[in-house]
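*Asks:* Order-wise, the sequence lines are chains A and B. Under our numbering, the letters of the first sequence match residues 1 to 118, in that order. Under our numbering, the letters of the second sequence match residues 119 to 349, in that order.
Certain hints may be false.
Here are the computed distance ranges between Cβ atoms for each label pair [unchecked claim]:
| # | chain 1 | residue 1 | chain 2 | residue 2 | range |
| --- | --- | --- | --- | --- | --- |
| 1 | A | G31 | B | D281 | 29 to 37 Å |
| 2 | A | F73 | B | G182 | 37 to 45 Å |
| 3 | B | K247 | A | K29 | 40 to 48 Å |
The set of hints was computed from the structure by calculation and includes no laboratory data. Note that CB positions come from ideal geometry on N, CA and C, so glycine has one too.
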Amino acid sequence: MEFQFDDDKPIYKQLVEKIKLEIVLGHFKRGDKLPSVRELSTMIRVNPNTIQRALAELEEEKLIYTKRTSGKFVTEDGEIIHQVMKEMAKEKMETFIKDMKTLGLNIDDVIKLLKERK
Amino acid sequence: MQFVQFQDLSKSFGTKEILKDINLDLEKGKIYGLLGPNGSGKTTMIKIINGLLQPSSGKILINGCEPGIESKKIISYLPERTYLNMNMKVSELIQFFKDFYDDFDEKKAIKLLYKLKIKETDQLKNMSKGTKEKVQLVMVMSRKADLYVLDEPIGGVDPASRDYILETILTNFNEDASILISTHLISDIEKILDQVIFINQGKIVLNEDADTIRKKKKTTIDKLFREEFKC
Chain A
1 MEFQFDDDKP
11 IYKQLVEKIK
21 LEIVLGHFKR
31 GDKLPSVREL
41 STMIRVNPNT
51 IQRALAELEE
61 EKLIYTKRTS
71 GKFVTEDGEI
81 IHQVMKEMAK
91 EKMETFIKDM
101 KTLGLNIDDV
111 IKLLKERK
Chain B
119 MQFVQFQDLS
129 KSFGTKEILK
139 DINLDLEKGK
149 IYGLLGPNGS
159 GKTTMIKIIN
169 GLLQPSSGKI
179 LINGCEPGIE
189 SKKIISYLPE
199 RTYLNMNMKV
209 SELIQFFKDF
219 YDDFDEKKAI
229 KLLYKLKIKE
239 TDQLKNMSKG
249 TKEKVQLVMV
259 MSRKADLYVL
269 DEPIGGVDPA
279 SRDYILETIL
289 TNFNEDASIL
299 ISTHLISDIE
309 KILDQVIFIN
319 QGKIVLNEDA
329 DTIRKKKKTT
339 IDKLFREEFK
349 C
């Protein structure tokens, strides 16, 4: 897992997004065991406490869960994963629309362009 | 738990004040970055932690005691300059560390050196500068210490080896220990830091959680450093 991080966001936030993406893309499948904190830490060379923080947030969002003594697993619930995918798509769309607005296009223009593109 | 405590500590050499009223606590289980421009007092602070220099005023406590035999047993120190006899072979170096430190894990050291393709029969003086640095780091990280103090651990090595060194630091780090890394190569190490300490002209100018800094300032630690210490 390669991890490039940008400037302006806390690393644990970026990690949360990265792992979400891996789950949505199916690189981490439903019910899969996640690598341990230590493994993730050396894999992407990020502080173990930062990894811990990211995993705690994912757990809060119910995207992963802890099995006592055997580690952390991706949720079995496809609905949650689908929801996350929709949220991510929405975010991307917002940025896209914002960019289009700076070009002076309104929603109708954008839809027209998208249709032309096929 | 506060493992290292600087209390109103100052250090002067002659009339030159190197450290001014340092108050700083280091906890267990965290990786600290001690970052500052050349001549800001990083190495002086590190030498004081290791009992190699005495404070001119104020106090330093390691695990509640002043630096001494007891603190040396629990601190693993990588100095900025090497202190090893260059005529030693790797096998002799391992023996040397075994003799000096009860907490030295020989098997771990051999395993890490093997990964670097360094043989026990290799002599230190025949190694490149970067390889020497790697060997020393392996020795230091192979101790099971409570505090690792690394003074410029990535100064002399190429970017690929830096990754190896960071990996070595991370794999050998356990939650009961702390690491203090001094460097000015910030972009390479900032991902592994919990807490960032900026020092300038002998004073602590920032001491904060790394992700909190990124969130507040919306920038990397590296960029913040360049801003703060612009010449």
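*Asks:* So, for every hint listed, does it hold in this structure?
*Replies:* For each hint, the structure was consulted:
1. A:G31 with B:D281: 29 to 37 Å: Because 32 Å falls inside the window, the suggested range holds.
2. A:F73 with B:G182: 37 to 45 Å: holds (42 Å)
3. B:K247 with A:K29: 40 to 48 Å: holds (46 Å)
No hint from the list above goes unmet by this structure.
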